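Guided by the hints, dock chains B, C and D onto chain A, whose structure is given.
Single-letter residue listing:
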Amino acid sequence: MYQPFPPDRSQYPAKKADGTLDIDLTSGKYLKLWQGPNHPGITGNMSVELTVCGDEVVEGKTHVGYLHRGFEKLMERRTFIQCFPIVCRICVPEPDFNEYCYAAAVEELAGIQAPERAHWIRTLILEMGRINSYMMYLGGQAGSLGQGVIGQWTTYVRDLMLDRFEELTGARIYHMFILPGGVRDGLPDGFAGRMEETLREIESILKDVYDVMFCNAVFKARTVGMGVIDPAWLDEYGVTGPNARAAGVAKDMRKDHPYLVYPELAFEPVTGKDSDIYTRADVRRRDVLVSVDLIRQIMAKMPMDGPLMCAVPNVLHWKIPRGETYIRGECSRGEYGYYLVTDGSGYPRRVNVRGPSYTHAMALLERMIVNISISDVAALMVSLHTYPPEIER
Amino acid sequence: MKPELMKRMVKGPDGVEFEVEPLRDYFCEVPPTVMPAAYIKIVEDLFNWARAESIWILGFGTGCGAIEMRPLMTPRFDAYRYGVQWRPTPRQANLFIISGYLSTKTLKRAIRAYEQMQNPKYVIGLGSCTINGGMYWDSYNTIKRLDDYLPVDLYIAGCMPRPEALLAGFMDLKKIIRAGKGEGANQYAENFAWYKENQKRVIHDWDMPDYNW
Amino acid sequence: MDFDWMKIPYAFLTVFIVVNYGFLMTALIQKIGARVGRRYGIPIWQNYLDMIKNYGLRSSITHGAMFYLGPVFRLSGGVGLLLFVPSIYGSYMFSNLSFAGDLILALYFVFFGTLGMALGAAESGHPHAAIGITRGLSQVSMAELPFGLAVFSVALQYQTLSVTDIVAAQQGGMLTWTLFTNPLAVSAAMLSFLGSMMRPPFDVVIAPQEIPIGPPTEYHSSYLALMQTNRVIFPVAKIVIYMNLFFGGATSWPEFFLKVFLIYMWSAFVGVVFPRFRVEQSIRWFLVWAVPLGVLSIMVV
Amino acid sequence: MTMRELYDRTKALFPLGELIEQRSGGNNDLVFVTVPAAHLRATILHLRDKEGFSHLVLLTAVDWLEEGQFQLTYLLNNRQQAYDLGLRVMISRDSATMESIHDVWPTAATYQRELREMFGIDFPGSPRIEEEFILEGWNDIPPYRRDFDTLKYAQEKFSERPGRKTHDPETHMRQQLYPDMSPTGK
Chain A
1 MYQPFPPDRS
11 QYPAKKADGT
21 LDIDLTSGKY
31 LKLWQGPNHP
41 GITGNMSVEL
51 TVCGDEVVEG
61 KTHVGYLHRG
71 FEKLMERRTF
81 IQCFPIVCRI
91 CVPEPDFNEY
101 CYAAAVEELA
111 GIQAPERAHW
121 IRTLILEMGR
131 INSYMMYLGG
141 QAGSLGQGVI
151 GQWTTYVRDL
161 MLDRFEELTG
171 ARIYHMFILP
181 GGVRDGLPDG
191 FAGRMEETLR
201 EIESILKDVY
211 DVMFCNAVFK
221 ARTVGMGVID
231 PAWLDEYGVT
241 GPNARAAGVA
251 KDMRKDHPYL
261 VYPELAFEPV
271 TGKDSDIYTR
281 ADVRRRDVLV
291 SVDLIRQIMA
301 KMPMDGPLMC
311 AVPNVLHWKI
321 PRGETYIRGE
331 CSRGEYGYYL
341 VTDGSGYPRR
351 VNVRGPSYTH
361 AMALLERMIV
371 NISISDVAAL
381 MVSLHTYPPE
391 IER
Chain B
1 MKPELMKRMV
11 KGPDGVEFEV
21 EPLRDYFCEV
31 PPTVMPAAYI
41 KIVEDLFNWA
51 RAESIWILGF
61 GTGCGAIEMR
71 PLMTPRFDAY
81 RYGVQWRPTP
91 RQANLFIISG
101 YLSTKTLKRA
111 IRAYEQMQNP
121 KYVIGLGSCT
131 INGGMYWDSY
141 NTIKRLDDYL
151 PVDLYIAGCM
161 PRPEALLAGF
171 MDLKKIIRAG
181 KGEGANQYAE
191 NFAWYKENQK
201 RVIHDWDMPD
211 YNW
Chain C
1 MDFDWMKIPY
11 AFLTVFIVVN
21 YGFLMTALIQ
31 KIGARVGRRY
41 GIPIWQNYLD
51 MIKNYGLRSS
61 ITHGAMFYLG
71 PVFRLSGGVG
81 LLLFVPSIYG
91 SYMFSNLSFA
101 GDLILALYFV
111 FFGTLGMALG
121 AAESGHPHAA
131 IGITRGLSQV
141 SMAELPFGLA
151 VFSVALQYQT
161 LSVTDIVAAQ
171 QGGMLTWTLF
181 TNPLAVSAAM
191 LSFLGSMMRP
201 PFDVVIAPQE
211 IPIGPPTEYH
221 SSYLALMQTN
231 RVIFPVAKIV
241 IYMNLFFGGA
251 TSWPEFFLKV
261 FLIYMWSAFV
271 GVVFPRFRVE
281 QSIRWFLVWA
291 VPLGVLSIMV
301 V
Chain D
1 MTMRELYDRT
11 KALFPLGELI
21 EQRSGGNNDL
31 VFVTVPAAHL
41 RATILHLRDK
51 EGFSHLVLLT
61 AVDWLEEGQF
71 QLTYLLNNRQ
81 QAYDLGLRVM
91 ISRDSATMES
101 IHDVWPTAAT
111 YQRELREMFG
121 IDFPGSPRIE
131 EEFILEGWND
141 IPPYRRDFDT
151 LKYAQEKFSE
161 RPGRKTHDPE
171 THMRQQLYPD
181 MSPTGK
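Protein chains in written order, with the numbering used here: chain A, 1 to 393; chain B, 1 to 213; chain C, 1 to 301; chain D, 1 to 186.
Bound-form chain A, shown alone (with noise of 0.2 Å):
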């Protein structure tokens, strides 16, 4: 087998024929330990076999299919519009970007246009949702090292920031709010000024957590040098988000692939150097920054009237014709997309979600996870930023 990176296992058990390690269990040398499905320092529902040697890991397997609900089957046998409220269901930290790869991915085959007001919206929903991820990860990432007091923080915010979004579309987590053709309603009175208000906790909280989380000793301790993504195996493990840009290449989807109103924003993808976890951390911290801007930007130049939604036909008979396309957008965790196939008939022939995660949890966490140590283990999944629901869907 051709491994352009062979990990280094100089001291580790030696490889069978066929490529695979040959631990003996019963030698006594090697201890099975799954870390999941039920474990704190796990992200979410997903487990991996580790095999230790001592304290160190000589091999990782991730299972994932524990939170299956064979979405892309189920959107089969939807209408278009029946799969619109399903699609947010299907990574729970970070719905909104199901929402719109799905509404763009439709109007695009359908040949509709979403009005420009509805663009703006989406965009600032897409930002925002980002910044909830983002603070998730950050009380993860501190959390999975025991520093339990940045997730308090990070969780107060991140709820401020999930009452901007009750306000706006009347859910907390689910939202279901940008429908093909469109969005559903415009911004209420006065949200401008309470989501400055937002924001600026936000900065504080960010301000806080740089000095108790990223100046901290033990943190860098733990974090500088650990878990380095190879610039190389990006592309071979399709590596994108911040991840990538912790890696050193800025690699942002935003920027790339412009989607929405993002040509008309001014900002840089954050990046970093060391791609380690801290590099990650601290890219992730930075790119909180970059959305808080961005919103500011969204909410001074959003056109304030204006159609939310096009002409959409009936839904109840909306066939669409043959055809396939690929929609994507970058999300907290990278590069999000949905691929479409429809085939003239009133449903979906095909839909599959291209959750950045699949790639980082499976491929990746697996050549990485060698050769550290258990304790590690929890940090190093976690700084990949993996949402399991996004992998198998």
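The set of hints was computed from the structure by calculation and includes no laboratory data.
Source: prediction; values computed, not measured.
Built from N, CA and C at the ideal position, the CB exists for glycine as well.
Incorrect hints may have been included.
As the list claims (entries may be wrong) - No farther apart than 25 Å at their CA atoms in a straight line, the calculated lysine-lysine pairs in the DSS-like style are these:
id: 1; chain 1: A; residue 1: Lys207; chain 2: C; residue 2: Lys31
id: 2; chain 1: D; residue 1: Lys152; chain 2: B; residue 2: Lys200
id: 3; chain 1: A; residue 1: Lys301; chain 2: A; residue 2: Lys273
id: 4; chain 1: D; residue 1: Lys165; chain 2: D; residue 2: Lys152
id: 5; chain 1: B; residue 1: Lys200; chain 2: D; residue 2: Lys11
id: 6; chain 1: B; residue 1: Lys196; chain 2: D; residue 2: Lys157
id: 7; chain 1: B; residue 1: Lys7; chain 2: B; residue 2: Lys196
id: 8; chain 1: B; residue 1: Lys7; chain 2: A; residue 2: Lys29
id: 9; chain 1: B; residue 1: Lys174; chain 2: A; residue 2: Lys32
id: 10; chain 1: A; residue 1: Lys301; chain 2: A; residue 2: Lys255
id: 11; chain 1: B; residue 1: Lys174; chain 2: C; residue 2: Lys31
id: 12; chain 1: D; residue 1: Lys152; chain 2: B; residue 2: Lys196
id: 13; chain 1: D; residue 1: Lys50; chain 2: A; residue 2: Lys255
id: 14; chain 1: A; residue 1: Lys273; chain 2: A; residue 2: Lys319
Claimed, not checked - One side only, chain B facing chain C, incomplete, derived with CB under 8 Å:
id: 15; residue: Phe47
id: 16; residue: Arg91
id: 17; residue: Asn132
What the hints assert, rightly or not - Under 8 Å between C-beta atoms, here's a sample of chain A residues computed to sit facing chain C:
id: 18; residue: Val149
id: 19; residue: Val212
id: 20; residue: Asn216
id: 21; residue: Arg222
id: 22; residue: Val224
id: 23; residue: Ser373
id: 24; residue: Ala378
Frame of chain A; chains B, C and D shown alone:
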């Protein structure tokens, strides 16, 4: 069945060969028994009061409802005020929150975790998908009625339920416990065969003993 | 040596007071942690309820005699430590069962619980317990080393092994405390204190994320309740030693409460904002910072 | 360089099918091309090494049940040029086997495992291809195939709670508003 669970011969470090049958050797196969309440009523009342005021949740987010668990434990909702806290291991937990849909793969783990918990133990079904399948009513991989597989004390409806609903659910659960009606574990022991039959019908890959603790 | 039997009920009175104070203080510490995280925190009586609940659970599973003895050892370590150290200096009632040479005995009790726990948890056969034990024993032995050095240094300084005598030597104003007469030993011991309190940054042993809570993974119901009881006694008992050796002891209960609280706060304040060290990192940390201080303190004395 | 030029250049080397420009007009950055299964490997190696399509965005399958074929879609991305190229490979549905590309992109092994499990498409030689990925103990036909009926399966397998009513808008509307309308969709 996985190879490591097969019956096999093992050579020990001292050179003696012996037979290992993991399912029988590594688990306790005794079915659960009904545990009576304390004989003296006032003692049982005291215990019920303590159980109601000190609810330890198993930290196992089985579905998307887990996303609202973190706000529950943080400044806005702070369930610690009501004696609710997390335990990472099923041995020490009293309450199992099935947070949303259960795929058959998770159901197997959930059953194992549930059986490891100590009597008395409680189950809350969170979200519409535990009640009747909810959004996933036609999915091939998620169960539709949780109470077929585990004894449920309380359902919280919604997709997904807000943390306020969860807090209200905890209050109701406290009332149930204090009234001495939180006997899910005994119910499970009494109808053990029925539960097992239901569980085995949906879990294809049953590679564990009937009762593992 | 004639033994005063009246001391035994008095010693149990001490235990009773300390248990309640320990419950209160544990809750207080948790509340402080919650307030840092902008939460309201648990009710102050929550720990009592948890303990009653755990004693009240109907079923429990044992993994053999040693599994059962683990928490018992641990608890007897805590109670024993408390019983053989004078909690209030100069008080007949609360000088407990202390006698000459009790410093060695106290040190023995400090380690006793940990070892019992390790044996008991290993009996459960849970891999997380085994990992927790290896982490715990290696870290604890490293963390206790500076403490041992500091204790030797203090014993050398006062030329006695009796805690009562050491306290007596420190009476007479703050400046006679070991804290000022032998600051090196005190700082070594306080660093070691951080390590043995199982709070961040040295709590990888019982870390929920890195391994689910380590040795106590399998402990539940009454076993856990025993351990909870110990968790409130043991820190206080340990702080009593620290207080007696380094901070001039206490001559009355209010002084006792205040000093114990302040020493406890030291670990709590550090713990609330720090993440954890890995085991080898914490060992290195102790080797680099605490052990040289301990050695230095002996050499200075 | 436009996609058309790239297509012409590659067409000279490999027997490619017709170029389908998905987003003709504005930013024409997504095209789909059909490739014979035998030439897929050479094509992607050429595209990866010579044309800069270094990122495998996704690998998935579409079940064209009526035509008896699976369509495998290899979506490649060229970041510098901001182009996406979807390579479509049609393989027979009966004995669905495809060459593995896990040595070109290690991450493809995961996609291939999923396809194997969910569609029953075999990729000989791909690592851990036999292992279960998402499902556990599945004993029916692979669930993403079109002829697998998830509703029927769910009704047979999982007990339902009585009292659930369906308010399918299509049937409801048909009954209420257009009683004479011909059935739509499936």
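Hints, verified against the model:
1. Proximity of Lys207 of chain A to Lys31 of chain C is assessed by CA-CA distance (about 24 Å); at most 25 Å being required, the pair is judged to hold.
2. Only pairs whose Cα atoms come within 25 Å are accepted, and Lys152 of chain D paired with Lys200 of chain B is accepted, the gap being roughly 19 Å.
3. Simply put, Lys301 of chain A and Lys273 of chain A have alpha-carbon atoms about 33 Å apart, too far for the 25 Å limit, and the pair is violated.
4. Annotation: proposed proximity of Lys165 of chain D to Lys152 of chain D holds, straight-line Cα distance about 17 Å (limit 25 Å).
5. This hinted pair does not check out: Lys200 of chain B and Lys11 of chain D have alpha carbons roughly 55 Å apart, beyond 25 Å.
6. A distance of roughly 15 Å separates the Cα atoms of Lys196 of chain B and Lys157 of chain D; the hinted pair therefore holds under the 25 Å criterion.
7. A threshold of 25 Å between alpha carbons decides the hint, and for Lys7 of chain B with Lys196 of chain B the separation of about 23 Å falls inside it, so the pair holds.
8. Restraint check for Lys7 of chain B and Lys29 of chain A: the C-alpha separation of about 21 Å stays at or below 25 Å, so the hint holds.
9. As the CA atoms of Lys174 of chain B and Lys32 of chain A are separated by approximately 40 Å, the hinted pair breaks the 25 Å bound.
10. Taking the CA atoms of Lys301 of chain A and Lys255 of chain A, the gap is near 19 Å; set against the 25 Å cutoff, the hint holds.
11. Between Lys174 of chain B and Lys31 of chain C the CA atoms are separated by roughly 23 Å; this keeps the pair inside 25 Å, and the hint holds.
12. As the CA atoms of Lys152 of chain D and Lys196 of chain B are separated by approximately 24 Å, the hinted pair is consistent with the 25 Å bound.
13. With a C-alpha separation of about 24 Å, the suggested pair Lys50 of chain D and Lys255 of chain A falls inside the 25 Å cut-off, and the hint holds.
14. For the hint linking Lys273 of chain A to Lys319 of chain A, the alpha-carbon distance of about 49 Å lies beyond 25 Å, and the restraint is violated.
15. Given hint, Phe47 of chain B at the interface with chain C, holds; its Cβ is 3 Å from that chain's nearest Cβ, closer than 8 Å.
16. Restraint check, Arg91 of chain B versus chain C: the minimum CB separation of about 4 Å is within 8 Å; hint holds.
17. Look at Asn132 of chain B: its Cβ only gets to about 32 Å from chain C, farther than 8 Å, so that hint breaks.
18. Using the Cβ-Cβ criterion of 8 Å, the hint placing Val149 of chain A at the interface with chain C is satisfied: the shortest such distance is roughly 5 Å.
19. A distance limit of 8 Å between C-beta atoms decides the matter here; for Val212 of chain A the minimum to chain C is near 5 Å, and the interface restraint holds.
20. Because the beta carbon of Asn216 of chain A sits about 7 Å from the nearest beta carbon in chain C, less than 8 Å, this interface hint is met.
21. Here the hint on Arg222 of chain A is kept, as its CB sits about 6 Å from the closest CB of chain C, short of 8 Å.
22. Hint on Val224 of chain A is violated. Least Cβ distance to chain C is approximately 12 Å, over the 8 Å limit.
23. Contact between Ser373 of chain A and chain C, as hinted, is supported at the beta carbon level, the nearest pair being about 6 Å apart and thus within 8 Å.
24. A cut of 8 Å between beta carbons decides the hint on Ala378 of chain A: the least distance to chain C is about 5 Å, and the hint holds.
The earlier numbered hints that this structure contradicts are 3, 5, 9, 14, 17, 22.
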